[in-house]
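Colleague: Numbering (the working numbering), first residue to last: 591 to 734.
Please note: incorrect hints may appear among the correct ones.
What the hints assert, rightly or not - Distance ranges between label pairs, derived from CB positions:
1) K645 / F696: 20 to 28 Å
2) M682 / S703: 19 to 27 Å
3) K592 / L675: 52 to 60 Å
4) P606 / T653: 22 to 30 Å
5) Q627 / T653: 28 to 36 Å
6) T653 / I713: 32 to 40 Å
7) C716 / K651: 44 to 52 Å
8) K592 / Q612: 28 to 36 Å
9) L721 / N698: 16 to 24 Å
10) T634 / W610: 17 to 25 Å
Quick caveat, the hints were computed from the structure, so don't treat them as lab data.
On a predicted model such as this, the values are computed, not experimentally measured, just so you know.
Where is the CB? At the ideal position from N, CA and C, for every residue including glycine.
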Amino acid sequence: MKNPFYRVASLPKDLPAINWTQYEGRVSVPNMVAEFQKQYQALTVPYPKDVYTSKIDEQEKATMIAVEEFVKKMQASVVSMKAELAKVEAMMPITEMNLEEYFDAFPNHALDSFERPTMWPHIEECQPEYLERMAKEGKFDEAH
591 MKNPFYRVAS
601 LPKDLPAINW
611 TQYEGRVSVP
621 NMVAEFQKQY
631 QALTVPYPKD
641 VYTSKIDEQE
651 KATMIAVEEF
661 VKKMQASVVS
671 MKAELAKVEA
681 MMPITEMNLE
691 EYFDAFPNHA
701 LDSFERPTMW
711 PHIEECQPEY
721 LERMAKEGKF
731 DEAH
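Can you build the whole structure from these sequences, using the hints too?
Modeller: Here's what the structure looks like:
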């Protein structure tokens, strides 16, 4: 089945010409053909104004700016991640480290019971401060 848009787009822009003299001799009502001819020639089908293209273009420009900012941010992130990867590849394998070496290499994973006491299983989501902060921010639903 053909798309109706293509069928309409294939039609000519102007109305087809009609041979009015052919109808004048056949129609018995006087001035009917002349009246129809006058109405037909006065008929204009207005083409709708395009009010959406400019809005779409504005949205495209705004989106392209956001995309360019995102790409720049991700490229900077890739650079920092490559530097971090080079640092990790240069260090001793974790399987060969003892706990002191591991905590020196990754201080944010170190368990410091004096400065930062934590409760088992020593992850942020299980600590009382985290739970209090999330409750204040309203991040918990009835299930928590």
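Colleague: Now, for every hint given, state plainly whether the structure supports it.
Modeller: We went through each hint and held it up to the structure:
| no. | hint | verdict |
| --- | --- | --- |
| 1 | K645 / F696: 20 to 28 Å | violated, 51 Å |
| 2 | M682 / S703: 19 to 27 Å | holds, 25 Å |
| 3 | K592 / L675: 52 to 60 Å | holds, 56 Å |
| 4 | P606 / T653: 22 to 30 Å | violated, 44 Å |
| 5 | Q627 / T653: 28 to 36 Å | violated, 52 Å |
| 6 | T653 / I713: 32 to 40 Å | holds, 38 Å |
| 7 | C716 / K651: 44 to 52 Å | holds, 47 Å |
| 8 | K592 / Q612: 28 to 36 Å | holds, 32 Å |
| 9 | L721 / N698: 16 to 24 Å | holds, 20 Å |
| 10 | T634 / W610: 17 to 25 Å | holds, 18 Å |
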